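Please build the complete structure, drawing on both the sequences and the hints.
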Amino acid sequence: LQALRKEKSRDAARSRRGKENFEFYELAKLLPLPAAITSQLDKASIIRLTISYLKMRDFANQGDPPWNLRMEGPPPNTSVKVGVFEKNMVLFLDVRTQTIT
Numbered sequence: 001l002q003a004l005r006k007e008k009s010r011d012a013a014r015s016r017r018g019k020e021n022f023e024f025y026e027l028a029k030l031l032p033l034p035a036a037i038t039s040q041l042d043k044a045s046i047i048r049l050t051i052s053y054l055k056m057r058d059f060a061n062q063g064d065p066p067w068n069l070r071m072e073g074p075p076p077n078t079s080v081k082v083g084v085f086e087k088n089m090v091l092f093l094d095v096r097t098q099t100i101t
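If you count by UniProt numbering, then the sequence shown holds residues 1 to 101, one letter each, in order.
Each statement offered as a hint is correct.
Mimicking BS3-like on lysine-lysine, the simulated pairs with C-alpha atoms at most 27 Å apart in a straight line are:
(1) Lys29 to Lys43
(2) Lys8 to Lys19
(3) Lys55 to Lys43
(4) Lys43 to Lys8
(5) Lys6 to Lys19
(6) Lys29 to Lys19
(7) Lys43 to Lys19
(8) Lys55 to Lys29
Ranges of calculated distance between the beta carbons of each label pair, as one might list FRET restraints:
(9) Gln62 to Arg5: 47 to 57 Å
(10) Ser39 to Lys19: 17 to 27 Å
(11) Ser39 to Arg14: 16 to 26 Å
Just so you know, the hints here were simulated from the structure itself, not pulled from any lab data. Remember, it's a predicted structure, so these values are computed and weren't measured experimentally. Glycine is no exception: its CB is placed at the ideal position from the N, C-alpha and C atoms.
Okay, structure coming up:
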């Protein structure tokens, strides 16, 4: 009976770790980094880089002047704006990744 409980507990822990790992790597895939980098990150690095990304995104929105400030005239090409922001984030996170590893 005790061995059965141990096995059940071990299986539950293994399942939980599998689900956690899946979510961590899904989160890593959302970072604006090449897959070659995100596939090599450990959990702590994924969390650190995600926090850095969110802080930079918040800074970009709240900077003085805001990076996403709309100018007069035709609506801006948002894909270009996002591209510039993501390009800068990739550079920032790449430097950050190099200091972590």
